[in-house]
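Trainee: So the chains spell out like this:
Protein chains: 2
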Amino acid sequence: MKHTDIVHVLQQEPSLHEITVRGWVRSFRSNRFIALNDGSTINNIQCVVDFENFEEETLKNITTGAAIEVSGLLVESQGQGQKVEIQVSKVEVLGTADPEEVKLTILSPKRHSLEKLREQAHLRVRTNTFGAVMRVRSKLSFAVHEYFQKNGFYYMHTPIITGSDAEGAGEMFKVSALDPKNPPLDDHGNVNYKEDFFEKETNLTVSGQLEAETYAMGLGKVYTFGPTFRAENSNTSRHLAEFWMIEPEVAFNNLADNMDLAEDFIKYVIKYALDNCQDDLEFLENRLLEEDKVKPAAERQEMKLREKLHFVIDNNFKRVSYTEAIDILKNSKPNKKKKFNYIIEEWGADLQSEHERFLVEKHFKCPVILFDYPATIKAFYMRLNEDEKTVRAMDVLFPGIGEIVGGSQREERYDVLKKKMEAMDISAEELYWYLDLRKFGTCTHSGFGLGFERLVLFVTGMGNIRDVIPYPRTPGNAEF
Amino acid sequence: MKHTDIVHVLQQEPSLHEITVRGWVRSFRSNRFIALNDGSTINNIQCVVDFENFEEETLKNITTGAAIEVSGLLVESQGQGQKVEIQVSKVEVLGTADPEEVKLTILSPKRHSLEKLREQAHLRVRTNTFGAVMRVRSKLSFAVHEYFQKNGFYYMHTPIITGSDAEGAGEMFKVSALDPKNPPLDDHGNVNYKEDFFEKETNLTVSGQLEAETYAMGLGKVYTFGPTFRAENSNTSRHLAEFWMIEPEVAFNNLADNMDLAEDFIKYVIKYALDNCQDDLEFLENRLLEEDKVKPAAERQEMKLREKLHFVIDNNFKRVSYTEAIDILKNSKPNKKKKFNYIIEEWGADLQSEHERFLVEKHFKCPVILFDYPATIKAFYMRLNEDEKTVRAMDVLFPGIGEIVGGSQREERYDVLKKKMEAMDISAEELYWYLDLRKFGTCTHSGFGLGFERLVLFVTGMGNIRDVIPYPRTPGNAEF
Numbered sequence: 029m030k031h032t033d034i035v036h037v038l039q040q041e042p043s044l045h046e047i048t049v050r051g052w053v054r055s056f057r058s059n060r061f062i063a064l065n066d067g068s069t070i071n072n073i074q075c076v077v078d079f080e081n082f083e084e085e086t087l088k089n090i091t092t093g094a095a096i097e098v099s100g101l102l103v104e105s106q107g108q109g110q111k112v113e114i115q116v117s118k119v120e121v122l123g124t125a126d127p128e129e130v131k132l133t134i135l136s137p138k139r140h141s142l143e144k145l146r147e148q149a150h151l152r153v154r155t156n157t158f159g160a161v162m163r164v165r166s167k168l169s170f171a172v173h174e175y176f177q178k179n180g181f182y183y184m185h186t187p188i189i190t191g192s193d194a195e196g197a198g199e200m201f202k203v204s205a206l207d208p209k210n211p212p213l214d215d216h217g218n219v220n221y222k223e224d225f226f227e228k229e230t231n232l233t234v235s236g237q238l239e240a241e242t243y244a245m246g247l248g249k250v251y252t253f254g255p256t257f258r259a260e261n262s263n264t265s266r267h268l269a270e271f272w273m274i275e276p277e278v279a280f281n282n283l284a285d286n287m288d289l290a291e292d293f294i295k296y297v298i299k300y301a302l303d304n305c306q307d308d309l310e311f312l313e314n315r316l317l318e319e320d321k322v323k324p325a326a327e328r329q330e331m332k333l334r335e336k337l338h339f340v341i342d343n344n345f346k347r348v349s350y351t352e353a354i355d356i357l358k359n360s361k362p363n364k365k366k367k368f369n370y371i372i373e374e375w376g377a378d379l380q381s382e383h384e385r386f387l388v389e390k391h392f393k394c395p396v397i398l399f400d401y402p403a404t405i406k407a408f409y410m411r412l413n414e415d416e417k418t419v420r421a422m423d424v425l426f427p428g429i430g431e432i433v434g435g436s437q438r439e440e441r442y443d444v445l446k447k448k449m450e451a452m453d454i455s456a457e458e459l460y461w462y463l464d465l466r467k468f469g470t471c472t473h474s475g476f477g478l479g480f481e482r483l484v485l486f487v488t489g490m491g492n493i494r495d496v497i498p499y500p501r502t503p504g505n506a507e508f
Numbered sequence: 029m030k031h032t033d034i035v036h037v038l039q040q041e042p043s044l045h046e047i048t049v050r051g052w053v054r055s056f057r058s059n060r061f062i063a064l065n066d067g068s069t070i071n072n073i074q075c076v077v078d079f080e081n082f083e084e085e086t087l088k089n090i091t092t093g094a095a096i097e098v099s100g101l102l103v104e105s106q107g108q109g110q111k112v113e114i115q116v117s118k119v120e121v122l123g124t125a126d127p128e129e130v131k132l133t134i135l136s137p138k139r140h141s142l143e144k145l146r147e148q149a150h151l152r153v154r155t156n157t158f159g160a161v162m163r164v165r166s167k168l169s170f171a172v173h174e175y176f177q178k179n180g181f182y183y184m185h186t187p188i189i190t191g192s193d194a195e196g197a198g199e200m201f202k203v204s205a206l207d208p209k210n211p212p213l214d215d216h217g218n219v220n221y222k223e224d225f226f227e228k229e230t231n232l233t234v235s236g237q238l239e240a241e242t243y244a245m246g247l248g249k250v251y252t253f254g255p256t257f258r259a260e261n262s263n264t265s266r267h268l269a270e271f272w273m274i275e276p277e278v279a280f281n282n283l284a285d286n287m288d289l290a291e292d293f294i295k296y297v298i299k300y301a302l303d304n305c306q307d308d309l310e311f312l313e314n315r316l317l318e319e320d321k322v323k324p325a326a327e328r329q330e331m332k333l334r335e336k337l338h339f340v341i342d343n344n345f346k347r348v349s350y351t352e353a354i355d356i357l358k359n360s361k362p363n364k365k366k367k368f369n370y371i372i373e374e375w376g377a378d379l380q381s382e383h384e385r386f387l388v389e390k391h392f393k394c395p396v397i398l399f400d401y402p403a404t405i406k407a408f409y410m411r412l413n414e415d416e417k418t419v420r421a422m423d424v425l426f427p428g429i430g431e432i433v434g435g436s437q438r439e440e441r442y443d444v445l446k447k448k449m450e451a452m453d454i455s456a457e458e459l460y461w462y463l464d465l466r467k468f469g470t471c472t473h474s475g476f477g478l479g480f481e482r483l484v485l486f487v488t489g490m491g492n493i494r495d496v497i498p499y500p501r502t503p504g505n506a507e508f
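Protein chains in written order, with the numbering used here: chain A, 29 to 508; chain B, 29 to 508.
Treat the hints loosely; a few may be bogus.
The list treats identical chains as interchangeable, and a pair is accepted whether it falls inside one copy or across any two copies.
To be verified - Calculated cross-link-like contacts (lysine to any residue; reagent style SDA-like; alpha-carbon spacing at most 25 Å):
(1) Lys-299 <-> Glu-431
(2) Lys-178 <-> Tyr-300
(3) Lys-295 <-> Ser-235
(4) Lys-447 <-> Glu-457
(5) Lys-131 <-> Arg-315
(6) Lys-295 <-> Gly-180
(7) Lys-222 <-> Glu-199
(8) Lys-178 <-> Glu-41
(9) Lys-228 <-> Asp-207
(10) Lys-406 <-> Val-35
(11) Lys-332 <-> Asp-464
(12) Lys-30 <-> Arg-441
(13) Lys-111 <-> Leu-302
(14) Lys-178 <-> Asn-304
(15) Lys-366 <-> Gly-430
(16) Lys-178 <-> Asn-156
(17) Lys-222 <-> Pro-208
Note that these hints are calculated values from the structure, not bench results.
Start from the sequences, fold in the hints, and give me the full structure.
Mentor: In structure tokens:
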């Protein structure tokens with residue numbers, strides 16, 4: 029008999045039709061009440077068995093974690109917390125779960141630390157918290173595609189393996205099919221990549237931007253959504269060695285258009301989550317309130333999770349130039365009292381996470397877009413302003429997260445770009461194709477990158493980026 | 029002034045409002061008719077200039093490939109082939125394209141070979157053919173997400189870098205941050221991966237299936253859509269070293285459900301392309317008809333492109349067991365006349381591409397789902413049938429493409445799986461987490477993998493897989 033997803037069953041009215049559901053037992057109380065979950069929603073369906081009608085052997089196997097199939101009438105629930113429940117007429121145990129073995133895992137029905145859950149990442153999606161996080165992640169992913177497709181963007185898959193290491197966005201992983209123990213060497217004693225699979229040295233991409241620019245110059249509006257990599261030894265709660273990035277790139281957009289796009293896009297996807305993940309967000313919100321109870325008052329959240337999400341949607345992001353931001357920071361209390369680890373002394377300083385958080389969380393108390401950064405601290409491809417000191421860069425900063433978006437208007441002038449590449453020691457020969465874009469119908473264009481996991485962190489309220497991706501890759505960890 | 033996408037302009041009625049468009053010049057005839065394209069559609073907007081009203085300098089720079097901004101009234105077109113055109117009141121050249129330099133590239137307005145276009149992959153998206161292919165690719169991608177999300181599946185990002193090489197789906201690329209020239213060695217003289225970034229040997233994934241199974245056991249219905257890799261020296265028109273794969277995995281689905289899902293899914297995305305890519309598909313269809321003109325009659329297509337796509341949507345995929353297929357092949361003309369390179373002699377033989385194509389293109393003349401293959405030629409995780417000789421595997425075979433989907437019902441029985449892993453020398457220690465799924469509420473489940481580029485090949489009618497992905501990675505090629 030065909031089964032129905034529990035998310036749909038819970039929306040149905042009581043009826044005299046028999047229905048069948050399948051799922052995993054979350055609990056079995058008093059030999060009578062099975063809480064069954066199939067992952068389609070965070071909510072369980074209550075299945076009520078009259079134990080006198082069933083074999084003892086069957087009932088014995090209905091334990092936490094077991095997979096079962098249940099048939100019965102959907103009736104009005106007598107208990108609290110649910111509108112309907114199933115009056116079980118038939119139950120079949122599809123796969124048992126030995127209670128002694130379950131006890132040794134995070135499936136055992138008690139509170140487990142997030143660290144413990146990470147060690148059993150293949151099972152953690154069966155918990156309420158990770159089920160909720162991963163459903164929200166999925167909905168957010170779809171919102172990303174829907175937003176861009178509705179707005180006339182074309183999705184493009186930029187290459188993961190890349191022969192170019194020119195962008196310098198970060199340390200790269202090497203990709204090779206050579207024997208790592210005895211690689212072939214050339215006449216100079218260096219590894220001879222001519223004998224490797226791609227006949228050249230190759231790495232994992234750190235960004236699809238440069239390739240996305242080539243497509244924006246043909247299709248007009250494009251976006252990427254794919255994995256990117258950093259071989260950096262950052263063991264923090266905000267960094268992954270492998271993460272998913274979204275990179276729109278738009279011909280004819282200037283920096284102001286780019287800011288508009290980033291703000292509109294972020295608001296759209298957050299609203300999508302609010303509209304489509306109500307139950308999961310409610311659960312995650314309550315989870316944070318529980319956490320707050322054991323925290324000192326000063327560390328508790330100022331807003332509940334969904335309040336915070338509404339706040340982002342309902343308010344304009346504050347747009348502030350780097351120069352203004354430096355003034356604010358120089359005159360700020362923590363700077364004067366030397367509470368910052370890096371004291372801001374003059375224009376040109378690179379902003380640290382502590383400064384970004386001060387601006388967002390203490391000073392403006394809302395998302396902030398910083399723009400027009402000093403050219404010296406930004407990448408070669410960013411459009412030089414007329415002052416010849418600053419570039420049309422922008423970072424979107426979020427409370428609790430810091431930088432969630434980094435982007436810029438791109439340098440569209442061939443000569444200026446070429447000069448800058450030379451100054452920054454970036455090979456024009458290797459990036460000839462990138463320079464070509466400035467030779468054949470060049471135009472103003474802009475784009476940005478959004479780290480998807482940081483968005484998921486923000487929307488779910490989770491504290492560690494390892495808890496918003498199924499199998500996190502970090503220094504020393506590539507399990508599963 | 030804000031500009032409008034040409035795709036929308038072409039749908040408008042003539043009006044007295046001034047509009048502005050931006051794009052790249054495809055041609056400029058008689059100092060009067062500019063064909064302008066912005067990538068939003070394959071169709072150009074005709075912009076009519078009265079050359080007496082414009083500077084000669086400006087007109088001189090309106091050459092193929094140049095980026096321009098045009099303003100004017102949208103009027104009824106006097107010419108053929110378009111409903112509306114722009115009566116230009118203002119034109120600005122944003123970026124020139126030196127005709128002498130353009131001549132040296134594929135932007136020059138003449139016929140270029142696909143090989144030549146591949147060499148200039150950063151420019152080829154500006155051609156009609158590649159613009160069309162990449163727009164169709166984007167729409168198909170969205171259709172994939174829409175189908176699964178509508179049907180209650182959750183999208184999951186499976187890891188790209190993997191510590192497990194157990195699946196054996198193909199040769200893997202190694203990923204490392206060690207110095208390739210002087211890697212640290214252990215006491216046995218082997219590379220000491222404990223000192224590598226992940227403190228173990230890591231590779232690029234060949235499939236997200238095993239991880240997807242872990243999530244199906246929690247969320248019920250999941251799918252992946254991400255890059256996968258093969259370090260195989262296959263220099264064919266159907267193989268890439270880096271390609272995108274779609275892998276749904278569904279708890280409680282048996283093999284028949286799995287076939288239903290594959291068929292329904294494929295029909296949905298092809299229908300989506302037909303509904304949403306009419307102009308691009310029309311162009312690609314005509315492109316094939318042109319190609320056919322110079323081919324001998326026997327090699328021409330039997331159906332036009334869109335006819336072929338409709339045929340797939342409108343007909344049931346023929347479901348045939350491996351055993352039946354062997355009988356058909358054994359008794360086939362090419363087998364008896366020894367025209368096959370591999371003669372089918374007995375049950376148990378692995379099917380080659382020539383056999384698959386015979387079944388699909390000559391015998392059944394429609395998409396075919398082969399199922400219940402001999403266990404010996406299939407992967408360890410496939411569900412063993414009661415005959416203990418065959419497994420619940422399935423391949424979907426398409427005309428002109430061959431295998432487009434490979435999937436199976438998974439072995440859900442702990443003991444059977446463990447025994448099979450031992451027999452196939454797959455480490456139970458390394459895949460303890462995969463075995464765990466069979467210990468804690470195991471259940472019937474199924475899934476498949478669909479190579480996205482093969483789908484794009486089929487829908488666009490292109491002949492070489494390198495022409496349906498922006499920057500193909502193949503042996504000896506990781507350019508751009």
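Trainee: Determine for every hint whether it applies to the structure shown.
Mentor: Hints, one by one, checked against the model:
In this assembly of identical chains, the alpha carbons of Lys-299 and Glu-431 lie at most 25 Å apart only when taken from the same copy (20 Å versus 40 Å across copies). Taking the shortest Cα distances, Lys-178 and Tyr-300 sit within 25 Å of each other both inside one copy (14 Å) and across copies (15 Å). Taking the shortest alpha-carbon separations for Lys-295 and Ser-235, only the intra-copy value of 23 Å comes in at or below 25 Å, while the best inter-copy value is 34 Å. In this assembly of identical chains, the alpha carbons of Lys-447 and Glu-457 lie at most 25 Å apart only when taken from the same copy (13 Å versus 56 Å across copies).
Proximity of Lys-131 and Arg-315 under a CA criterion of 25 Å is satisfied intra-copy only: 23 Å inside one chain copy versus 64 Å between copies. In the homo-oligomer, the alpha carbons of Lys-295 and Gly-180 lie at most 25 Å apart both inside one protomer (18 Å) and across protomers (24 Å), since each shortest distance falls under that limit. Within a single copy, Lys-222 and Glu-199 get their C-alpha atoms as close as 23 Å, and across copies as close as 19 Å, so both meet the 25 Å cut-off. Proximity of Lys-178 and Glu-41 under a CA criterion of 25 Å is satisfied inter-copy only: 22 Å between copies versus 35 Å inside one chain copy.
When the C-alpha separation of Lys-228 and Asp-207 is checked against a cutoff of 25 Å, the pair qualifies both within a copy, at 15 Å, and between copies, at 16 Å. Taking the closest pair of Cα atoms, Lys-406 and Val-35 never come within 25 Å of each other, the shortest separation being 48 Å inside a single copy and 36 Å across copies. Proximity of Lys-332 and Asp-464 under a CA criterion of 25 Å is satisfied in neither setting, with 50 Å inside one chain copy and 37 Å between copies. In this homomeric assembly, Lys-30 and Arg-441 come within 25 Å of each other (Cα to Cα) only across copies, at 22 Å, whereas the closest approach inside a single copy is 62 Å.
Taking the shortest alpha-carbon separations for Lys-111 and Leu-302, only the intra-copy value of 23 Å comes in at or below 25 Å, while the best inter-copy value is 43 Å. Proximity of Lys-178 to Asn-304 under the C-alpha cut-off of 25 Å is found in both arrangements, the shortest distances being 18 Å within a copy and 12 Å between copies. Proximity of Lys-366 to Gly-430 under the C-alpha cut-off of 25 Å is restricted to the intra-copy arrangement: shortest distance 21 Å within a copy versus 68 Å between copies. With identical chains, the CA atoms of Lys-178 and Asn-156 are at most 25 Å apart between copies only, with a shortest distance of 23 Å across copies and 32 Å within one.
For a Cα distance limit of 25 Å, the shortest separation of Lys-222 from Pro-208 qualifies both inside one copy, at 15 Å, and across copies, at 14 Å.
In summary, the numbered hints that this structure violates are 10, 11.
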